[in-house]
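Number of protein chains: 2
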Amino acid sequence: MTPALQPAFRALADPTRRRILRLLAGSEMTIAEVSRAFPMTRAAVRKHLAILEQGALIDSEPRGRERINRLNPNGLRPVLDWMHELDAAWDDRLAALKSAIERNTS
Amino acid sequence: MTPALQPAFRALADPTRRRILRLLAGSEMTIAEVSRAFPMTRAAVRKHLAILEQGALIDSEPRGRERINRLNPNGLRPVLDWMHELDAAWDDRLAALKSAIERNTS
DNA sequence: AATTAATGAAACCAAATGGTATCACAAACG
DNA sequence: CGTTTGTGATACCATTTGGTTTCATTAATT
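Protein sequence lines correspond, in order, to chains A and B. As numbered in our numbering, residues 19 to 124 make up the first sequence, in order. As numbered in our numbering, residues 19 to 124 make up the second sequence, in order.
Just so you know, the hints here were simulated from the structure itself, not pulled from any lab data. For each residue, glycine too, the CB sits at the ideal point set by N, CA and C. A hint or two may mislead.
[What the hints assert, rightly or not] Distance windows between CB atoms, simulated: (1) Thr34/A - Arg37/B: 23 to 31 Å; (2) Glu79/B - Arg60/A: 41 to 49 Å; (3) Ser117/A - Ala107/B: 19 to 27 Å; (4) Ala61/B - Ser45/A: 22 to 30 Å; (5) Ile119/A - His102/B: 26 to 34 Å; (6) Asp99/A - Asp110/B: 16 to 24 Å.
With the hints as constraints, model all of the structure from the sequences given.
Right, dumping it as structure tokens:
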């Protein structure tokens with residue numbers, strides 16, 4: 019099953035969620051710890067974490083009465099792959115245009 | 019001025035817009051040409067193109083009565099940079115954890 | 001046992017989003 | 001010229017989104 023891109027791209031589209039990812043790159047944190055870094059309720063942060071998890075960008079796991087959240091190191095891969103493909107397609111086309119021009123002006 | 023990430027990430031969040039980018043990677047196209055590839059009105063496609071342009075992922079220019087749209091080859095760069103930074107931060111932390119474990123178990 | 005702290009879950013709300021339809025206008029073409 | 005074609009600009013609509021509040025539950029603490 020090729021990983022679904024859409025949930026990942028959707029998760030990345032919100033600035034708060036991107037900040038959460040950078041936070042979690044520093045260390046894993048509980049929901050309460052993450053929420054202390056933002057001027058919004060725990061409930062709101064909790065929803066953001068859920069969307070990040072749907073996008074497979076983080077994993078979470080209950081531990082005692084809290085839930086710890088950690089970055090999923092492989093989660094960005096499909097997104098990066100998609101972008102690199104686009105980059106490559108663009109480069110190919112640029113190269114094709116360039117050689118066509120050279121043929122015409124030679 | 020560091021390029022604003024938000025409009026680019028926002029533009030990438032929609033599947034139709036990602037398909038448009040791949041289309042334009044093949045060749046530049048007018049609005050009408052792009053819209054023929056999608057089961058929606060020209061007006062809708064036109065809005066998508068506008069959002070892609072706000073994200074600096076494409077450029078557009080009127081030519082006669084039509085408007086041609088082309089990929090902006092540098093538009094993806096800020097997004098790629100952001101993701102690679104996150105990747106690197108994550109790798110650093112993994113390495114730190116690993117060496118800490120090795121110290122404790124030696 | 002009683003209290004506190006962290007989470008889960010649901011209802012609710014305003015604003016953004018992705019789409020439509022419609023009208024006006026300019027350019028290409030017979 | 002008249003007609004067609006591509007675009008620009010609105011107004012409008014349903015759904016999604018990002019946030020809140022509230023209440024229940026469960027684990028840690030004293």
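To see whether the hints hold, each was checked on the structure:
no.	hint	in the structure
1	Thr34/A - Arg37/B: 23 to 31 Å	holds, 27 Å
2	Glu79/B - Arg60/A: 41 to 49 Å	holds, 48 Å
3	Ser117/A - Ala107/B: 19 to 27 Å	violated, 40 Å
4	Ala61/B - Ser45/A: 22 to 30 Å	violated, 47 Å
5	Ile119/A - His102/B: 26 to 34 Å	holds, 32 Å
6	Asp99/A - Asp110/B: 16 to 24 Å	holds, 22 Å
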